[in-house]
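Protein chains: 2
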Amino acid sequence: MSYLRHIAACNTFDPAGYRPFLVDGTAVGWVRPATARLLARFPATFRLEDQAVCLHPGLTSPTARSAAVADVLAELAADGSIEPLRDELYAAKTTWHGPELFRLDRTAAPLFGLRAWGVHATGWLRRPDGGYRLWIGHRAPNKRVAPNKLDSLIGGGQPAGLTFRDNLLKEAAEETSMDAALARTAVSCGTITYAMESETGLKADTLVLFDIAVPEDFTPRSTDGEHQAFHLMDAEEVLARLRDGDDFKFNIPLVLLDFCIRHGILGPDDTPEYEALVTGLHREHPAAGR
Amino acid sequence: MSYLRHIAACNTFDPAGYRPFLVDGTAVGWVRPATARLLARFPATFRLEDQAVCLHPGLTSPTARSAAVADVLAELAADGSIEPLRDELYAAKTTWHGPELFRLDRTAAPLFGLRAWGVHATGWLRRPDGGYRLWIGHRAPNKRVAPNKLDSLIGGGQPAGLTFRDNLLKEAAEETSMDAALARTAVSCGTITYAMESETGLKADTLVLFDIAVPEDFTPRSTDGEHQAFHLMDAEEVLARLRDGDDFKFNIPLVLLDFCIRHGILGPDDTPEYEALVTGLHREHPAAGR
Numbered sequence: 001m002s003y004l005r006h007i008a009a010c011n012t013f014d015p016a017g018y019r020p021f022l023v024d025g026t027a028v029g030w031v032r033p034a035t036a037r038l039l040a041r042f043p044a045t046f047r048l049e050d051q052a053v054c055l056h057p058g059l060t061s062p063t064a065r066s067a068a069v070a071d072v073l074a075e076l077a078a079d080g081s082i083e084p085l086r087d088e089l090y091a092a093k094t095t096w097h098g099p100e101l102f103r104l105d106r107t108a109a110p111l112f113g114l115r116a117w118g119v120h121a122t123g124w125l126r127r128p129d130g131g132y133r134l135w136i137g138h139r140a141p142n143k144r145v146a147p148n149k150l151d152s153l154i155g156g157g158q159p160a161g162l163t164f165r166d167n168l169l170k171e172a173a174e175e176t177s178m179d180a181a182l183a184r185t186a187v188s189c190g191t192i193t194y195a196m197e198s199e200t201g202l203k204a205d206t207l208v209l210f211d212i213a214v215p216e217d218f219t220p221r222s223t224d225g226e227h228q229a230f231h232l233m234d235a236e237e238v239l240a241r242l243r244d245g246d247d248f249k250f251n252i253p254l255v256l257l258d259f260c261i262r263h264g265i266l267g268p269d270d271t272p273e274y275e276a277l278v279t280g281l282h283r284e285h286p287a288a289g290r
Numbered sequence: 001m002s003y004l005r006h007i008a009a010c011n012t013f014d015p016a017g018y019r020p021f022l023v024d025g026t027a028v029g030w031v032r033p034a035t036a037r038l039l040a041r042f043p044a045t046f047r048l049e050d051q052a053v054c055l056h057p058g059l060t061s062p063t064a065r066s067a068a069v070a071d072v073l074a075e076l077a078a079d080g081s082i083e084p085l086r087d088e089l090y091a092a093k094t095t096w097h098g099p100e101l102f103r104l105d106r107t108a109a110p111l112f113g114l115r116a117w118g119v120h121a122t123g124w125l126r127r128p129d130g131g132y133r134l135w136i137g138h139r140a141p142n143k144r145v146a147p148n149k150l151d152s153l154i155g156g157g158q159p160a161g162l163t164f165r166d167n168l169l170k171e172a173a174e175e176t177s178m179d180a181a182l183a184r185t186a187v188s189c190g191t192i193t194y195a196m197e198s199e200t201g202l203k204a205d206t207l208v209l210f211d212i213a214v215p216e217d218f219t220p221r222s223t224d225g226e227h228q229a230f231h232l233m234d235a236e237e238v239l240a241r242l243r244d245g246d247d248f249k250f251n252i253p254l255v256l257l258d259f260c261i262r263h264g265i266l267g268p269d270d271t272p273e274y275e276a277l278v279t280g281l282h283r284e285h286p287a288a289g290r
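Those sequence lines, one after another, are chains A and B.
FYI, in full-length UniProt numbering the residues of the first sequence are 1 to 290.
FYI, in full-length UniProt numbering the residues of the second sequence are 1 to 290.
Same shape as in the complex, but just chain A:
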């Protein structure tokens, strides 16, 4: 078996099945034909062209765009054409620090193939022999996505209007009851990216990664019910499960592989896939450069 297959499983996007989604002439995402047909019912908000789906050029301000899109999404959710909305707003933009083009409900980001951001933290300890142990979440059986699968220690989607670090602190408290002093020691260490076709559209995700060196007496405890348990695993066991099984939620192997590469647990001489892993974990969003 292979580590790379997890990256392949998260990078299933084939642009042939999509039309670019343009806002004010800038490609910011990708729309499926079935979604385009739904949007065609709202010609005051979306303009369909042969080669693209455009937010209507008459909507020139972020506020006007957000309001018009919210109306469309509410109507589509009400008649069951799309999944129920989650009342959490995502910012539509081409880079996190770029200008917000509009905001929309988190549920709808994949419908437009918009870039979405999240945070993940790996909690780690050293063994006396120098090896690593990692805290691994075990997702609850009632989760809509990946029930009962293994998970990172802390993770969550990135709402508009919050910094990555503040989002991590919030999720650390909610998901693991970690005290704020420990959570604030989290070290940012890069990003991973992937573009994955999902039931509802294209997930073009960037996960901002943090490492947290946790003390021996730290034990995560779920407060929001997202996890049924947490397991402290040797890195070697994590890698064996990644290599040979599918125990983890689809995107978590990428988080853990990046950790193992950055900390020398997977090395360049002994890992034939090393180079492909490093470049595969850090792809650009497919709308980039248009």
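Because the hints were derived from the structure by calculation, they are not lab data.
There is no bait here: all hints are sound.
Copies of the same chain are indistinguishable here, so a pair counts whether it falls within one copy or spans any two.
DMTMM-like mimics (lysine to aspartate or glutamate), calculated; alpha carbons at most 25 Å apart, straight line:
| no. | residue 1 | residue 2 |
| --- | --- | --- |
| 1 | LYS170 | ASP269 |
| 2 | LYS143 | GLU174 |
| 3 | LYS170 | ASP270 |
| 4 | LYS170 | GLU88 |
| 5 | LYS143 | ASP87 |
| 6 | LYS143 | GLU226 |
| 7 | LYS143 | GLU83 |
Since chain A is already given, all that's left is putting chain B on it; use the hints.
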């Protein structure tokens, strides 16, 4: 000023100015028209097609290819058509762990736009306030490439037939007089890649990175004359010089930016270029996927 400009400066490759270089039907590099004209003098070794330059298909073994290419390069170097050879062999392959297609003198790798590998190590210490200090090399005035420029602590091209780690240990001794016990604590932490047009052709480089936590009483000392001095610099000073100046050898900013991202010295909330830096440092070789 910007950090990204250093990545842009190392990614100047424009395929419009090149023809793919094929070995046994596989694209492994890129050749300039001027180089193709030189190679056209050797039709038993190279076959020029309209859209590609091919190693002659009659050369089917790595040994036969290496011998034929060596003869061509010796003749071209002798008449001054290419730079003098260095008598250090590089392996032509599409990934480090893939099969060797042939070997050729290191000088000629850019002529064919072949992938080339190297190692770099960053030597670091923590300050009492938690900040980082980095050992920075200062290149000798007589270096052919980047004389007097600032450098990483340890770096070197990757010869065929050596592991990355063994090459690092060799370079650590030669370049810094580091004792082997300390050098062996080096932690591998990923790769950076770039594709840069140079005077002689395309440098498609992958640098395998290591971090070395050095003790307070370590002081690097050049044994091979590559460096005139070493400076222990606060990470903040390194970043200020990267942002505002061009004090470093062209590819060293990429090594140091990757270090600063992995260690949280550059963070995702405060660095507008963060995402572009992470993806920009980890591009695939332009022949990949052909």
